[in-house]
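**Q** Sequence:
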Amino acid sequence: MVTKTQRVEPIPTDCRTRRGLELIADQWTLLVVVALQQGTKRFSQIHAQIEGISKKMLTQTLRALERDGLVKRVVYPVVPPMVEYSLTTLGQTLIEPIWALRDWSEKYIEEVERIRAEYDQTGKNSLQEEILALVQKRANGADSSAKPEKE
Numbered sequence: 074m075v076t077k078t079q080r081v082e083p084i085p086t087d088c089r090t091r092r093g094l095e096l097i098a099d100q101w102t103l104l105v106v107v108a109l110q111q112g113t114k115r116f117s118q119i120h121a122q123i124e125g126i127s128k129k130m131l132t133q134t135l136r137a138l139e140r141d142g143l144v145k146r147v148v149y150p151v152v153p154p155m156v157e158y159s160l161t162t163l164g165q166t167l168i169e170p171i172w173a174l175r176d177w178s179e180k181y182i183e184e185v186e187r188i189r190a191e192y193d194q195t196g197k198n199s200l201q202e203e204i205l206a207l208v209q210k211r212a213n214g215a216d217s218s219a220k221p222e223k224e
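The sequence shown begins at 74 in the numbering used here and counts up one residue at a time.
In case anyone wonders, no lab produced these hints; they're calculated from the structure. No experiment lies behind these values; they were computed from the predicted model shown. Don't take each hint at face value.
[What the hints assert, rightly or not] With a cut-off of at most 20 Å between alpha-carbon atoms, the simulated PhoX-like pairs for lysine-lysine come out as follows:
no.: 1; residue 1: 145; residue 2: 128
no.: 2; residue 1: 114; residue 2: 129
no.: 3; residue 1: 128; residue 2: 114
no.: 4; residue 1: 129; residue 2: 145
no.: 5; residue 1: 114; residue 2: 77
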């Protein structure tokens, strides 16, 4: 079989897609955007809605989203201070692609997990088989060296 070598263009570090993915490529960013899609919320409401996120991580994620222009932070001059967060118009443009990813996950994640488990099990089985074969080979080698040679 003859194959024709094609020139493959490298994906540059400054390409738009890569830069866009850097904005949202962690689990917390997507979840914060989803939490805010329903409207303005206070920090405690967002924290209660996203299981497993620490207050520190939520604070860092909200600051990054604010810096990127995806979340608007409003501080009200009351005691104690009240802070609300909402998606900006730009942040709202992420809802549709996030829901597309959610729909894909709903449809395919169980298949991915099944294949992953099969792969992991196959890897373990073949490694176990290799180890067993080596042990048996060494055991057989030890048995043959223990036998006295005939003269």
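**Q** I'd like to know which numbered hints this structure contradicts. Please list them from smallest to largest.
**A** Violated hint: only 5; rest satisfied.
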